[in-house]
Amino acid sequence: MSTAAAKSPAFDQQGTQSDAQRVDAAMRSFVREFGVTAALHMESCVRCGMCAEACHFHVATGEAKYTPVYKLELFRRAYFREASPFAPLVRLLGLVKPPSIGELQQWQELIYGSCTVCGRCTMICPMGIDIAELVKEARHGMFKAGLIPERLALMDRAAQQWGSTATPGEDLPDILREVSEEHGVEIPCDLDSAEMLVTAAPAELGDHTKALAAAAKVLNRAGIRWTMHQGGFDAANIGFNNGDLELQERLTRSIIDTAIKIGANTVLLPECGHAYGAARWEAAKWYGQALPVRIIHMTEFLDEMLAAGRIKVKPIGQSATFHDPCQIVRRGGLEAAARRVVAALGFELIELKDHGIAGYCCGGGGGVVSNVRATPLRHKVFEIKRAQIDATGAERFVTSCGQCRITLEQGAKQARWTKPVESLLELVADNLAD
Amino acid sequence: MDLLDFARGPALTFAGAVFVLGTLWRLSGVLLLPRLRDLSPPREGAPAPWRGALGTVLRRMWPRREFLDRTMFSTVNSYVFHIGLAVTVFGLAPHILFIRNFSGLSWPALPSNVVFAVGVITLVSLFAALARRLTHPVLKLLSHTGDYLSWALTTLPVLTGLLATAHLGARYETLLALHILSIAAFLIWFPFGKLMHAFLFVFSRGATGVRFSHRGVKA
Amino acid sequence: MSQARLLGEVLRERGVSRRAFLKYAGYMASLMALPPSAAGAMAEGLAKARRQAVIWLSFQECTGCIESLTRSFSPSLEDLIFDFISLDYQHALQAASGEAAEEARRQSMRENKGKYIVIVDGSVPMGDGGVYSTVAGHTNQAILAETIADAAAVVAVGTCAAFGGLPEADPNPTGAVPISQLVGDKPLINIPGCPPMPQAMAGTLLHILSFGKLPELDHLHRPRAFFGENIHDRCYRRPFYERGLFAKAFDDEGAREGWCLYELGCKGPVTYNACASLKWNGGVSFPIQSGHGCIGCSEPRFWDRGGLYRALPTGTSDVRKVIGIAAVAGVALGAGAAALARRRSAATRDAAAAPPAKTPSPQE
Amino acid sequence: MDTLSPGAGPIDAPAAAVLREVVARLQRLAREPDFSDAIDLHSLPLGESGREQLRQRLGQGEVDCALQVAGATRICETAYAGAWWVRHADADDRTQHEQIVIARVPALLLAHSDDIGDAARRLAEELAAPACQEIS
Chain A
1 MSTAAAKSPA
11 FDQQGTQSDA
21 QRVDAAMRSF
31 VREFGVTAAL
41 HMESCVRCGM
51 CAEACHFHVA
61 TGEAKYTPVY
71 KLELFRRAYF
81 REASPFAPLV
91 RLLGLVKPPS
101 IGELQQWQEL
111 IYGSCTVCGR
121 CTMICPMGID
131 IAELVKEARH
141 GMFKAGLIPE
151 RLALMDRAAQ
161 QWGSTATPGE
171 DLPDILREVS
181 EEHGVEIPCD
191 LDSAEMLVTA
201 APAELGDHTK
211 ALAAAAKVLN
221 RAGIRWTMHQ
231 GGFDAANIGF
241 NNGDLELQER
251 LTRSIIDTAI
261 KIGANTVLLP
271 ECGHAYGAAR
281 WEAAKWYGQA
291 LPVRIIHMTE
301 FLDEMLAAGR
311 IKVKPIGQSA
321 TFHDPCQIVR
331 RGGLEAAARR
341 VVAALGFELI
351 ELKDHGIAGY
361 CCGGGGGVVS
371 NVRATPLRHK
381 VFEIKRAQID
391 ATGAERFVTS
401 CGQCRITLEQ
411 GAKQARWTKP
421 VESLLELVAD
431 NLAD
Chain B
1 MDLLDFARGP
11 ALTFAGAVFV
21 LGTLWRLSGV
31 LLLPRLRDLS
41 PPREGAPAPW
51 RGALGTVLRR
61 MWPRREFLDR
71 TMFSTVNSYV
81 FHIGLAVTVF
91 GLAPHILFIR
101 NFSGLSWPAL
111 PSNVVFAVGV
121 ITLVSLFAAL
131 ARRLTHPVLK
141 LLSHTGDYLS
151 WALTTLPVLT
161 GLLATAHLGA
171 RYETLLALHI
181 LSIAAFLIWF
191 PFGKLMHAFL
201 FVFSRGATGV
211 RFSHRGVKA
Chain C
1 MSQARLLGEV
11 LRERGVSRRA
21 FLKYAGYMAS
31 LMALPPSAAG
41 AMAEGLAKAR
51 RQAVIWLSFQ
61 ECTGCIESLT
71 RSFSPSLEDL
81 IFDFISLDYQ
91 HALQAASGEA
101 AEEARRQSMR
111 ENKGKYIVIV
121 DGSVPMGDGG
131 VYSTVAGHTN
141 QAILAETIAD
151 AAAVVAVGTC
161 AAFGGLPEAD
171 PNPTGAVPIS
181 QLVGDKPLIN
191 IPGCPPMPQA
201 MAGTLLHILS
211 FGKLPELDHL
221 HRPRAFFGEN
231 IHDRCYRRPF
241 YERGLFAKAF
251 DDEGAREGWC
261 LYELGCKGPV
271 TYNACASLKW
281 NGGVSFPIQS
291 GHGCIGCSEP
301 RFWDRGGLYR
311 ALPTGTSDVR
321 KVIGIAAVAG
331 VALGAGAAAL
341 ARRRSAATRD
351 AAAAPPAKTP
361 SPQE
Chain D
1 MDTLSPGAGP
11 IDAPAAAVLR
21 EVVARLQRLA
31 REPDFSDAID
41 LHSLPLGESG
51 REQLRQRLGQ
61 GEVDCALQVA
71 GATRICETAY
81 AGAWWVRHAD
91 ADDRTQHEQI
101 VIARVPALLL
111 AHSDDIGDAA
121 RRLAEELAAP
131 ACQEIS
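Protein chains in written order, with our numbering: chain A, 1 to 434; chain B, 1 to 219; chain C, 1 to 364; chain D, 1 to 136.
Please note: incorrect hints may appear among the correct ones.
As a list, the in silico DSS-like pairs of lysine-lysine whose alpha-carbon atoms are at most 25 Å apart [to be verified]:
| hint | chain 1 | residue 1 | chain 2 | residue 2 |
| --- | --- | --- | --- | --- |
| 1 | C | K113 | C | K213 |
| 2 | A | K210 | A | K380 |
| 3 | A | K380 | A | K65 |
| 4 | A | K353 | A | K380 |
| 5 | B | K140 | A | K285 |
| 6 | A | K285 | A | K210 |
| 7 | C | K48 | C | K113 |
| 8 | A | K314 | A | K419 |
| 9 | C | K115 | C | K48 |
| 10 | B | K218 | A | K65 |
| 11 | A | K97 | B | K140 |
| 12 | B | K218 | A | K353 |
Keep in mind the hints are simulated off the structure, nothing from the lab.
Using the sequences plus the hints, can you model the full thing?
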């Protein structure tokens, strides 16, 4: 039971900037975001309120302030003052007030505490506005203004120091040795050349080491020449969640540069949502050109290995339901791949009422699970997913994202719900056929 | 007669000019902003960008199954007054003449009394939309003066049009003048408010369509 | 010349029985949409009235109005009006001319001081001191002022007198003005139309004679009896308008079927007159019935309303040039705004690009 | 279109409305002998066919008289006592005005007292005038 009393929706601040400097930093960052797509989306909102009906935070609480597009209110005002076609007119006539420091501070709870950037609102918006992307872009300004939740700021500083929120690079060889001994699987580390650079999620270097071992088992069985490397091993890019663009760039470069250095042609991402978002879709942005390495998610990898017959699994033959991680399925496009793996495992898949692209979010992505302020809200959201899982009556409950598993496990613990949350990767590894 | 002459002459011309200028200003002002290209490799088998865009533009015409029951009222009511406005504006003979006058395009008209009935339904639907915007907690929070102004300047032409057709309230030419002036107000406000979604929605949905079809998702 | 004796006696001597008064009054009452019961009262009022002195002044006019009233080719009931009034001065009809005619006018003004009615057709030119239309060296403006000084009422017949009509149409070279601008507070009745309906002229005069006061007028001083409703509301083709059946050309299938002429520029909906109900030439037909749209001749400035064949709902000015300029300006402003936004965004990027040295990442 | 009397053929709505008006006024006339009213066929949206149907439906009564008063006028009683069909024509016999008059007798038929006074006077003068001395 989380003992932290629900704090009043206050806010955290980092750095020593004055209030005016914070507002200016936020506005200068906002101005940089507005390419054609962001501008088009800002211009097209007709305030129809439908996005609220898709957002689990609003659906669970009924509170109007969790309306997704309302979370963009300050970003919208910045856009109309600074980048819109009528910006000079808007500024001249003072039609739109610039955000104040008080508003930015109150806004932290909406932008970080009650948005998992899951993109379900993007799927309902009749104007096709990618609200999730705009929230993520608004976070850049909030980070520049030093107005992000303290817990996330802490992880940000750790990652700037270690390249990972979980462990410093130097400790990687020892951790991998422990895991390989504990799980009896060989995990190569820091090889000079390899076919595939494998990366991990921070939790996999902590309490979810079984997932890491599972990955190793599958990779070895498939006969892949792979390695993990101190140069770039933590794929869950915290900069991507916090809005810290410099950190996001550095973390991405550390992985891509390491892969190029060891001559790898593929970077394998772990079962993690935001890792996929940051690497698969935004890595090339920092290089300004297409990347020489292929970046794939663990789910794609399992799907390809099974399809190519390089690994086989024993059918489990039970009923199961699958939670679609947002960044992997709704915003990643791996809905079909995940279901092929589930089918290969011989599960009789019973879909959740809302699944696939329109599935509900676990409620913890985008840094919300790490943001202790959002805990009470998260537990309310957990009810939606739990009800849908119970409704399927499936025996097993599977997903393919470490963050979702942590969020759902915390929710289950708080709601005293006994069904275990299982990893697709671990199921494949445990059921490898000879 | 002077009000009608003013309405049909200078008012309409000025409104038309402001409409064209404002709409192109806003559209080009947005479309000429820097294009941040997605350099990542597309999902295998992903359709061409324009096809992805078109897909989303069409799909977003109707909410997905999962969202339908929670958005039934908004969806249905919005379609009622959108289709109502379309039938009224493009179905009524005098409107077709107005369009033919400056564009040369013409097509057969619907019976005027049918269009009148549709106009009444449209008016009721617009008031229902306003009632919802004034009472629903989410909409109350989101709405600002621009929304109410857009609503008013869309409803006024329908109201004055119906009054003119029914010849209620004043001399016919006064009603017709008020109707044309309300359309002029509508055209002048159009580019600066959310009515621009009539043009922007294609690009807005298209951009999301391109972004997600690149990732193999039918957004 | 006007006798003191009552009209009833005067006319009976010429064989006009009171039954004729009643028939005439009944007909005119129906024209003026008065209740049938008013016919008796009108007949009695007429019989007891004195013969009304009338002076008809013709200025910038085409004689269409007097032709419409007299309609010499087939005298009808309206013509009886000439038995009830003493037309003391009228260019087209009077035998006298030159000074004799002017003298007749002045004598009638003297004898019927304060009681005579002045009928005017044609507008009055004010340009260049009014030289564009003079009679015996006097400008129309002067003659009008002199004549209406002691008049009981002024009746401006025809759109030229009522609203300026053709002479006042753009570019109005003679500086023509409607009579209403020159009569001050003298009671004025406008009977527009190009030409006006004979029933309207006769009916209005009869109303003054028999009831001794002006008929009810609208905001343009037009008798409501004849100008209260617009043509569209009384048009027999209205059902076609309701069903959206319109003639697209003057000789297409629709026109032959008698469909609505709205698309061919008919101004019926915004024109107030009695053509559709009383019809012309003794009730034979009216413009729309003969296949031509109403041109709105009884409304002010109907010549300058963007062409007789331009449909009502269309704008009156050619907007293509204006819209073209607006389009170019719009795109230019848009491009400028985008460039400005691009520059502002670049400026912030440069500022951000030179932050203090980053802490070295682990592997460097 | 409702048919008032069977077999008399269909009747347009406007014509039927006029007949209902006639009935109402006849009922009143029956109660108030000196009541008189008229229905003006001129300004109603009655086409020629409507007028013809009315004429057929109202039929012919016992009285049919032609007046020569500033052009021809024809007054004939319809088949329904108290309802008279009055048609005024101008010099060229074009219908100027048509009415259905509801009265015991249309006012137009009554000689006016002034005319009677004048007639008496003229006849007296006629008698006194030498031209018609009695032939002794």
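_Violating hint indices (sorted, rising)_ = 2, 5, 6, 10
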